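Chains as they are written, first to last, in UniProt numbering: chain R, 1 to 70; chain C, 1 to 246; chain H, 1 to 156.
Worth flagging that the hints you see were computed from the coordinates, not collected in a lab. Because the structure is a prediction, the values reported are computed rather than measured. Fair warning: there could be bad hints in the mix.
Below, simulated EDC-like cross-link-like pairs (lysine to aspartate or glutamate); rule was C-alpha separation at most 20 Å, straight line [said to hold, decoys possible]:
id	chain 1	residue 1	chain 2	residue 2
1	C	85	C	232
2	H	61	H	95
3	C	116	H	125
4	C	157	C	232
5	C	239	R	56
6	H	119	H	73
7	C	87	C	232
8	H	119	H	108
9	C	116	H	126
10	H	119	H	84
11	H	61	H	84
12	C	116	H	68
13	C	174	C	193
14	C	174	H	126
15	H	119	H	51
16	H	119	H	68
17	H	119	H	95
18	H	61	H	86
19	C	116	H	95
20	C	174	H	125
21	H	61	H	99
22	H	61	H	125
23	H	61	H	83
24	C	235	R	56
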Amino acid sequence: MMAFESLAELVSMGSHGPYVWTAWGATLGFLLLSVILVRGESRGVRRTLRRRLRRDAAVASSPSEDQDEG
Amino acid sequence: MWAFFHKLGSPRWFYGIAARLSPWCWALALALILVGSVWGLAFAPADYQQGNSFRIIYVHVPAAFLAQSIFLALAASGFVFMVWKIKIADMAAAMMAPLGAAMTAIALLSGSVWGKPTWGTWWQWDARLTSMLILLFLYLGVMLIRRAFARPQSGAKAASVLAMVGVINIPIIKYSVEWWNTLHQPASFTITERPAMPVEMWMPLLIMVLGFYAFFAAFTLTRTRTEILRREGHKRWVKELFEERP
Amino acid sequence: MRAKRRNKMLLVLGLVALCAVAVGLTLYALRSNINLFFSPVQIAAGEAPVDRQLRAGGMVKEGSVHRDSDSLDVSFVVTDYVDDVEVRYSGILPDLFREGQGVVVVGELTGDGYIAADKVLAKHDENYMPPEVAEALEDAGYSPADYKQAGPGTSQ
Chain R
1 MMAFESLAEL
11 VSMGSHGPYV
21 WTAWGATLGF
31 LLLSVILVRG
41 ESRGVRRTLR
51 RRLRRDAAVA
61 SSPSEDQDEG
Chain C
1 MWAFFHKLGS
11 PRWFYGIAAR
21 LSPWCWALAL
31 ALILVGSVWG
41 LAFAPADYQQ
51 GNSFRIIYVH
61 VPAAFLAQSI
71 FLALAASGFV
81 FMVWKIKIAD
91 MAAAMMAPLG
101 AAMTAIALLS
111 GSVWGKPTWG
121 TWWQWDARLT
131 SMLILLFLYL
141 GVMLIRRAFA
151 RPQSGAKAAS
161 VLAMVGVINI
171 PIIKYSVEWW
181 NTLHQPASFT
191 ITERPAMPVE
201 MWMPLLIMVL
211 GFYAFFAAFT
221 LTRTRTEILR
231 REGHKRWVKE
241 LFEERP
Chain H
1 MRAKRRNKML
11 LVLGLVALCA
21 VAVGLTLYAL
31 RSNINLFFSP
41 VQIAAGEAPV
51 DRQLRAGGMV
61 KEGSVHRDSD
71 SLDVSFVVTD
81 YVDDVEVRYS
91 GILPDLFREG
101 QGVVVVGELT
111 GDGYIAADKV
121 LAKHDENYMP
131 PEVAEALEDA
141 GYSPADYKQA
151 GPGTSQ
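Isolated chain R, as found in the complex (with noise of 0.2 Å):
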């Protein structure tokens, strides 16, 4: 059983709303930005390592590639 009337009711919060709407926006705004933040670390650091990793193979490989393109 909702405790609100109708969708105003909700928003409004009987006169609370700015604050309740304030505490909680922080808090969800928060947990959605730390998501897309570590979201965010994770590719960074895995495509660095993959480049690193490419870039190291391509180097030891690269006196076999000269003998195979002679």
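Take the given structure of chain R and dock chains C and H to it, following the hints.
Chains C and H in isolation, oriented as in the chain R frame:
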């Protein structure tokens, strides 16, 4: 048991187990926080005195719980790192500290906007509020001191020591409302006692608290995996792992 | 290299500043003692300073609130059930200000023994309940503050 402890300390093993656990933690956190939010915002009854500003409890209390728990975890990790030199403990500590700081800030902010309509003030220098502010500074200190050294190893040690020293603030926060007279009321919701509210009010709170802990677990597992790649990227097992699944 | 060293110095300075702020806050909170307010017992015993700003806390005594009909002036008695102290205030009271509820007032203790308050803050207890439950409790002869003792049978 001892073997398990050391196995857990191996980055390679942790990387694997965290990969399996973290999706479940993320899913659990999402489900619990979603259900708890809708329940707490729209379905839980208003308080007989505070009206709807009471609904701030559903973000304030979980954030304050995490703020304190994460600092305890920092101190415990610091101890494990200093005594057994288990690197994973230090990696996890470094990764979870910002979440603890953010949770402290959220507890302070939500408490402030709750205090205005109920107490009639945004802020009072009472023991609970002040000790919580000190916790925020301790978190910032732990995060900064790690980066204040040229050698990462020294920074890690300093951060561990500061966390172990700063943990004294946690019991002060918890008992501040009992030891001294404060504007902040005593705890309504603890693990040991029956909550000071009926079930239709504490059930969504319990769900939110569990959701926040699941979020903490997911956040720490995922970030620690990233940190393992960052610190151990040159190791053989990482190379092999990326060759198998590029 | 030089930039690195400068960053390090900034970090150390930041740390020192943080520690200083933390210590400063601690001392500020501890300045007289850690308690936020004086209770009426302490005021009656003369522990509270006169003509200097102080905070006093306790319960608003039932039936003691007198509102002036033409102004915002209000007077009430704060009690800890042992001693009482009178408070005079002019201004808007917080929503939660009620007889029988906790309160913290900020003001000066005058020579005449009453507190001239600049600010009144409402304290509340740790009990929360829906309005219907509070009504049911009162009908059953309990005060909502007894909720924890009243037991689970009274919750709906």
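Is residue 174 of chain C close enough to residue 193 of chain C, meaning Cα to Cα at most 20 Å? This hinted pair holds, its Cα atoms lying about 14 Å apart.
Next pair to validate is residue 85 of chain C with residue 232 of chain C; report whether the Cα-Cα distance is within 20 Å. Holds, at about 16 Å.
| field | Given hint residue 56 of chain R paired with residue 235 of chain C - CA-CA distance at most 20 Å | value | holds (13 Å)
Has the given pair, residue 116 of chain C with residue 126 of chain H, been kept, meaning a C-alpha gap of at most 20 Å?
holds (17 Å)
Check: Is the hinted pair residue 174 of chain C and residue 125 of chain H satisfied, with a Cα-Cα distance of at most 20 Å?
Finding: The given pair, whose Cα atoms are some 16 Å apart, holds under the 20 Å limit.
### Query
Keeping to a limit of 20 Å between CA atoms, is the pair of residue 119 of chain H and residue 51 of chain H held or broken?
Status holds; Cα separation ~16 Å.
Given hint residue 95 of chain H paired with residue 116 of chain C - CA-CA distance at most 20 Å
It holds: about 10 Å lies between the C-alpha atoms, which stays within 20 Å.
Fill in: Holds or violated: residue 61 of chain H to residue 83 of chain H, with C-alpha atoms at most 20 Å apart
holds (11 Å)
Distance restraint between residue 119 of chain H and residue 84 of chain H, which requires alpha-carbon spacing of 20 Å or less:
holds (19 Å)
20 Å Cα cutoff - pair residue 119 of chain H, residue 95 of chain H: Between residue 119 of chain H and residue 95 of chain H the Cα gap is close to 13 Å, so the pair holds against 20 Å.
Checklist line | 20 Å Cα cutoff - pair residue 157 of chain C, residue 232 of chain C | finding: Holds: residue 157 of chain C and residue 232 of chain C sit about 19 Å apart, inside 20 Å.
Hint consistency between residue 174 of chain C and residue 126 of chain H [alpha-carbon to alpha-carbon, up to 20 Å]: Since the Cα atoms of residue 174 of chain C and residue 126 of chain H sit roughly 14 Å apart, the hinted pair holds (cutoff 20 Å).
Checked against the numbered hints given earlier, this structure breaks only hint 12.
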